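Student: Residue numbers (our numbering), protein chains in the order written: chain G, 17 to 265; chain A, 20 to 326.
Just so you know, these hints were derived from the structure itself, not from any lab. Careful: at least some of the hints might be erroneous.
[Claimed, not checked] The following label-pair restraints were derived from C-beta to C-beta distances: (1) G:Glu126 to A:Pro315: 34 to 42 Å; (2) G:Asn174 to A:Gln128: 32 to 40 Å; (3) G:Lys129 to A:Val139: 33 to 41 Å; (4) G:Ala42 to A:Leu147: 50 to 58 Å; (5) G:Glu156 to A:Arg178: 56 to 64 Å; (6) G:Ala152 to A:Phe64: 29 to 37 Å; (7) G:Thr148 to A:Met183: 56 to 64 Å; (8) A:Phe64 to G:Tyr141: 30 to 38 Å.
As the structure is a computational prediction, the values presented were derived from the model and not from experiment. Positions of the beta carbon are idealized from the N, C-alpha and C atoms, including for glycine.
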Amino acid sequence: MLFALSPATAQTPPAESIQIGLSTDAISITAGFSGADLTIFGSLENPDPLVARQGRYDVIVVLEGPPRPVVVRRKDRVLGVWINLDSETFENVPVSYSVATTRPLQDIAEPAKYKQLSLGAQNLYMKPADETDSPATIEEFTAALRDRKAATGLYSENVGGVQFLSQNLFRATVRLAPNVPVGTHKARAFLFKSGMFVKESSAQLEIRKSGFEQSVFRVAHDYSFLYGVFAISLAMLTGWLGRLIFRKD
Amino acid sequence: MGIYLPIAEISVNVFVLLAMGAAVGFLSGMFGVGGGFLITPLLIFYNIPPAIAVATGANQVIASSFSGALSHFKRGTLDFKLGGVLLAGGIVGSTAGIFVFALLRRLGQLDLFISLLYVVLLGTVGGLMLVESVNALRASRSGAAPVLKKSGQHNWIHRLPFKMRFRASKLFVSVIPVLGLGAGIGFLSSIMGVGGGFIMVPALIYLLKVPTNVVIGTSLFQIIFTSAYTTLVHATTNQTVDVILAFLLMAGGVAGAQYGAKAGQRLRGEQLRALLAMLVLAVAIRLAVDLFVTPPNLYSLTAAGLN
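Looking at chain G on its own, in the form it has when it is part of the complex (with noise of 0.2 Å):
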């Protein structure tokens, strides 16, 4: 996955400002898919050198599912049975967030420069579909579900993931969850120079099952009707060639 180069040829110190390029606009996700990990390259434009040399410009690669609503559940005790009792539904909870820094997140900027920026999953808005539910509420709910797509491997930190190879070129490696959602993601890039926020850029990546997988899935969904069809006739079938095959009697 490449990007152009663009020459820095300006006379006056110009703004520093940054650029992703995707080499491709869509990832296919196969049958043996297990996981990947995907490789952003970027730039930095007009770099000072000076700050580069002391590395004081951060980058954090952010890649970003498609928003979904969530309804997260707690489970509770009733009468020695665990049950899933209250409930809190979010809007617009991006399904994966994976992150790749230069360094540790705190080490780069305040953690109000971040919550302004709703940058890292930890910062991250999350819109309750009912605002009128008391806020120790949401705020439980939120960091459950924070930590259960951390769990699961679909909001992840790579932290070290951003490398300079030169004093303008970097390398982002984000982490793709086996069970990665199909659609259109996101890719954002934020420079940070000494702590500061700078500049964002952004690229567009969508992921989808590859051509047989994904055939199945549309078919389902279509086709329904046909599709249940086809799933009887193809489990009829079955039976009646696994007993000419194998028949005892």
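Based on these hints, arrange chain A on the given structure of chain G.
Tutor: This is chain A only, laid out in the frame that chain G set:
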């Protein structure tokens, strides 16, 4: 070898699924049951989402019951009329089941309800069968002749109105319990992803007094259609049938079933029933433990807006 399941949206091991299908097929061939009550919990233990495990389980049951019913059709031990009436009830029952399924899924109580149903039904059936077969084993060991139930014995079911004659089963009985039984099995089929043979067979024998040789063929015949209907409705309303997953299970299942049937011929009836009872109870206990033990995660996520 891993394979990505397009509907379940996870990667699984092909050989685990083939082996799972073969093992359940072996047992179902040995005991003459569809095996849905084993497949669905096994899939759930293997982290397949319960909604998909249930719908796909129903699909897999078609294959095993179709091949079983074929043998019985050739032998003439299949009562089409009785099967037809059971089926009419079954369609009503599974339609109701699909609605309850979708409702529970929306409320987030689907997993609990499936587990509870499994624990209660498997626990009851397994317990009753174990008691009955252990008694039979004891009786045969002490040399006493087995007490056969007289076919002329009548119970309250035979006093109900709307009687109908079923020639192949040599039966003259009210259609109400037949329709009711069909509806109950259809309901379970759509919620639990089972064919219901493990309930249908004893119910036909003990409640309706259908001759044993006709029972299995007729039960398999009606299960084909109930689970086909269940599969179709799950496919259209919930999109939870994973055809790749179902095919892997079937492929293992049909092969295993034939070897199981052969192995089953070497065991005596009571021994078979005692073994099946223990198997059924083991599944029930395993599921019951999960209900009572503190789960490792109290919180769970589901996509909102699903029907």
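Student: Does each hint hold? Answer for all of them.
Tutor: Each hint, compared with the structure:
1. Distance hint check: the CB atoms of glutamate 126 (chain G) and proline 315 (chain A) are about 35 Å apart, consistent with the given range 34 to 42 Å.
2. Checked against the given bound of 32 to 40 Å, the beta carbons of asparagine 174 (chain G) and glutamine 128 (chain A), roughly 38 Å apart, stay inside it.
3. Evaluation of the 33 to 41 Å hint for lysine 129 (chain G) and valine 139 (chain A) yields a failure: the beta carbon distance comes to about 55 Å.
4. Separation of alanine 42 (chain G) from leucine 147 (chain A) is about 57 Å and conforms to the stated range, judged on CB atoms against 50 to 58 Å.
5. In this structure the hint that glutamate 156 (chain G) and arginine 178 (chain A) lie 56 to 64 Å apart at CB holds, the actual value being about 59 Å.
6. Under the hint 29 to 37 Å, the C-beta atoms of alanine 152 (chain G) and phenylalanine 64 (chain A), about 36 Å apart, fit the expected range.
7. Taking the beta carbon of each, threonine 148 (chain G) and methionine 183 (chain A) are about 58 Å apart, inside 56 to 64 Å as hinted.
8. At roughly 37 Å, the beta-carbon separation of phenylalanine 64 (chain A) and tyrosine 141 (chain G) lies within the given 30 to 38 Å, and the hint holds.
Violation of the numbered hints given earlier is confined to hint 3; every other hint is satisfied by the structure.
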